[in-house]
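Student: Knowing the structure of chain X, use the given hints to seat chain V on it.
Here is what each chain is made of, one letter per residue.
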Amino acid sequence: MTRTSMGKGLGGSPKVDGSLKAEGSSKAEGSSKAEGSSKADGSPAGGFRQAMSWLHTWVGLTLGWVLFFIFLTGTVGYFDTEIDRWMQPELPQAQTGLNSTDTAEVLLDRLRVEAPGADRWFLTLPAGRHQPYPGIFWQGASTKAGASAASGELQVNGNTGEPFSARDTGGGQLLYQMHWRLHYLSRTQADIIVGFATMFMLVALITGIIIHKKIFRDLFTFRPGKGQRSWLDAHNVLSVVALPFHLMITYSGLIFMGFSYMPLIVAAHYGVDDEARQQFISEVFDPPGLVDSAREPAPLVPLGHLIAAAEDRWGENRVRSIDIRHPGDSNARIIFYENIERRVASGGERLIFDGVSGELLHQVPPATSAAKGARDLFVGLHEGLFAPPVLRWLFFFSGLLGSGMIATGLVLWAVKRRQRMEKKHRLPHLGLRLVEKLNVGTVVGLPIGIAAYFWANRLLPVASVGRADWEVHLMFLAWLMVLIHAACRPNHRAWVEQLAIAGLAFGLLPLLNLLTTDRGLWHSLVANDWVFVGFDLTVLIVGLMLGWTAWRVWQKRSLIDTGEISIKQGRSAQELPGGQS
Amino acid sequence: MGLTGSRLASLVAAALVGGYALATAVGIFLGGILPMPRGEAALVGNLLSFAVYAGAVIWTFVVRRPVKVWLGLMIPACALVTGGLLLTGRAG
Numbered sequence: 014m015t016r017t018s019m020g021k022g023l024g025g026s027p028k029v030d031g032s033l034k035a036e037g038s039s040k041a042e043g044s045s046k047a048e049g050s051s052k053a054d055g056s057p058a059g060g061f062r063q064a065m066s067w068l069h070t071w072v073g074l075t076l077g078w079v080l081f082f083i084f085l086t087g088t089v090g091y092f093d094t095e096i097d098r099w100m101q102p103e104l105p106q107a108q109t110g111l112n113s114t115d116t117a118e119v120l121l122d123r124l125r126v127e128a129p130g131a132d133r134w135f136l137t138l139p140a141g142r143h144q145p146y147p148g149i150f151w152q153g154a155s156t157k158a159g160a161s162a163a164s165g166e167l168q169v170n171g172n173t174g175e176p177f178s179a180r181d182t183g184g185g186q187l188l189y190q191m192h193w194r195l196h197y198l199s200r201t202q203a204d205i206i207v208g209f210a211t212m213f214m215l216v217a218l219i220t221g222i223i224i225h226k227k228i229f230r231d232l233f234t235f236r237p238g239k240g241q242r243s244w245l246d247a248h249n250v251l252s253v254v255a256l257p258f259h260l261m262i263t264y265s266g267l268i269f270m271g272f273s274y275m276p277l278i279v280a281a282h283y284g285v286d287d288e289a290r291q292q293f294i295s296e297v298f299d300p301p302g303l304v305d306s307a308r309e310p311a312p313l314v315p316l317g318h319l320i321a322a323a324e325d326r327w328g329e330n331r332v333r334s335i336d337i338r339h340p341g342d343s344n345a346r347i348i349f350y351e352n353i354e355r356r357v358a359s360g361g362e363r364l365i366f367d368g369v370s371g372e373l374l375h376q377v378p379p380a381t382s383a384a385k386g387a388r389d390l391f392v393g394l395h396e397g398l399f400a401p402p403v404l405r406w407l408f409f410f411s412g413l414l415g416s417g418m419i420a421t422g423l424v425l426w427a428v429k430r431r432q433r434m435e436k437k438h439r440l441p442h443l444g445l446r447l448v449e450k451l452n453v454g455t456v457v458g459l460p461i462g463i464a465a466y467f468w469a470n471r472l473l474p475v476a477s478v479g480r481a482d483w484e485v486h487l488m489f490l491a492w493l494m495v496l497i498h499a500a501c502r503p504n505h506r507a508w509v510e511q512l513a514i515a516g517l518a519f520g521l522l523p524l525l526n527l528l529t530t531d532r533g534l535w536h537s538l539v540a541n542d543w544v545f546v547g548f549d550l551t552v553l554i555v556g557l558m559l560g561w562t563a564w565r566v567w568q569k570r571s572l573i574d575t576g577e578i579s580i581k582q583g584r585s586a587q588e589l590p591g592g593q594s
Numbered sequence: 171m172g173l174t175g176s177r178l179a180s181l182v183a184a185a186l187v188g189g190y191a192l193a194t195a196v197g198i199f200l201g202g203i204l205p206m207p208r209g210e211a212a213l214v215g216n217l218l219s220f221a222v223y224a225g226a227v228i229w230t231f232v233v234r235r236p237v238k239v240w241l242g243l244m245i246p247a248c249a250l251v252t253g254g255l256l257l258t259g260r261a262g
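Protein chains in written order, with the working numbering: chain X, 14 to 594; chain V, 171 to 262.
It is worth saying that the hints were derived from the structure and are not from the lab.
Accuracy of the hints is not assured; some may be wrong.
[To be verified] Examples of chain V residues lying across from chain X (beta carbon under 7 Å, computed): (1) 178; (2) 180; (3) 198; (4) 208; (5) 210; (6) 218; (7) 219; (8) 224; (9) 241.
[Unchecked claim] Computed footprint of chain V on chain X, listed as stretches where at least three residues anywhere in the stretch have a Cβ under 8 Å from a Cβ of chain V: (10) 159-171; (11) 257-268; (12) 277-283; (13) 304-318; (14) 499-505.
All figures in this text were calculated on a predicted structure; none of them were measured in a lab.
Glycine included, every Cβ here is placed at the ideal spot set by N, Cα and C.
With the rest of the complex left out, here is chain X (with noise of 0.2 Å):
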């Protein structure tokens, strides 16, 4: 049989519904691979879309667990300040507002105290949601002349000016700096793991675009109950509803981290050594005006009158950050930096003074070039630093539907091919077994891990050594713990069970808060305090929704055992024994 007549043979075959065609066309790819590798070459007609089905069938499958893992926890991360705030209740609320001269006043006299003789001082002023507290960063201090470390960080009370003492944790930011750093591994693993399957997500991307035709009509296409193919459209659904999201998260993902992930094209231009990079950095990114330490004492400047200034320029309360080099020399110079919320793409405008006499040197627009500008638009996009609460929710949403359309390709996958096992009366191989394995345990696995991780912050005592550790090798622990059981149990089992277990995770996470802590759902409604009232509420819908999913999942499965549906789908796994197919 040639390719040709094949593919007629599939065209002529009694489907009607237009919508079928993609499901058509990848069952085509199913057969010609179980008739062997005979028909591998060539190219006619049909031959591009199914090739293009192939290529998205297996890059997403190849590292779809890690994309997963990075969809999910990059959403959250959407909501990273307010995580963190949730996971120190000993902080007060924000304290945006307070006066940014004073504030400055006090961050200035800690930095004194903490990290004397610095090359860089950096305070940040509460400007917002990203910035809820003042802190300050230093580099380069002496421990010689008294400084608590050569460099460090600190969260400080505006009010006392006293640095605040809350749990250790590694909070939100810990969870969403997982997305890139894969937490455990070196930073050149994490970045060609991520790097990679980044990559895979777009060409999944593009050749599922290729391979849908009908994809304005897909979008009100839903049939439920359908086994195979209402997991395909879920997957179409999830997918095109949002597709713009995903195609933008996806390259401006790359982009991010575009200079780790192609060295070589700077390289090739510049030289491979570190100071080389740095010299590429500094054409690009570093605002002009920046000099060497001179070595000279001369006292800083008071920042009273450039803040001033600052704030002319910019309006009350919206210089986001200040950034001394060299204080206390004569070449000191401070960067002003612009709030952040009023622009999409990353970063603000700059202001440059002289740290000894207080002139202003530069005006720094945010793009310095049409090229920086593409990509700051790009970087902006993808950390939505600007988008203020309903946007927020919609990047939120956004990458749920992502991660849904991650899991549900994974889960097609694996329904797919079992059903056409159980047509053919054949035992699921050890590839198949594989995949619904680690989709249970890591769809569901990796919420439990997440809940895992808010239960430790809360449970764990707050002066243990390590805390902040153990939060985190909890939420691992839970996770394999998760895919041990997925392991162990039969496949439906495993999903009912987990999804329960995560829905009760969730869902008691207000009453945890409430019994540890003295800022429980009603107090925070009480206080208007609405980062923890958001967190609470959010915490119990997603709680019910995956309780209510679990119910789902287990009436249909007494569906099977009263023989209305006679695909055992979860229980051949355990009663057949394996190895025989």
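Tutor: Same frame as chain X, now just chain V:
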């Protein structure tokens, strides 16, 4: 699609390694010839290289013939790197 064994391995390697080489090469070429300061030109090359990579991966699996794919990726890659470095007048 019936891709198996060494043929599949060769195509996957071509897509990953050859595609990366071509993407980098296009980036280096753009960094060399674009009429703007070299930092910006290199940045533009960097921004666009990922689109080239995706395109190369897809093209690999449309063609599906290892020899053709390897040549089709590596010859332009070498040419672009050489061209990009020579045309700048900045090559050492």
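Student: Hint by hint, say whether it matches the structure.
Tutor: Hints, one by one, checked against the model:
| no. | hint | in the structure |
| --- | --- | --- |
| 1 | 178 | violated (9 Å) |
| 2 | 180 | violated (13 Å) |
| 3 | 198 | holds (4 Å) |
| 4 | 208 | holds (5 Å) |
| 5 | 210 | holds (4 Å) |
| 6 | 218 | violated (10 Å) |
| 7 | 219 | holds (5 Å) |
| 8 | 224 | holds (5 Å) |
| 9 | 241 | violated (17 Å) |
| 10 | 159-171 | violated (count 0) |
| 11 | 257-268 | holds (count 3) |
| 12 | 277-283 | holds (count 6) |
| 13 | 304-318 | violated (count 0) |
| 14 | 499-505 | violated (count 0) |
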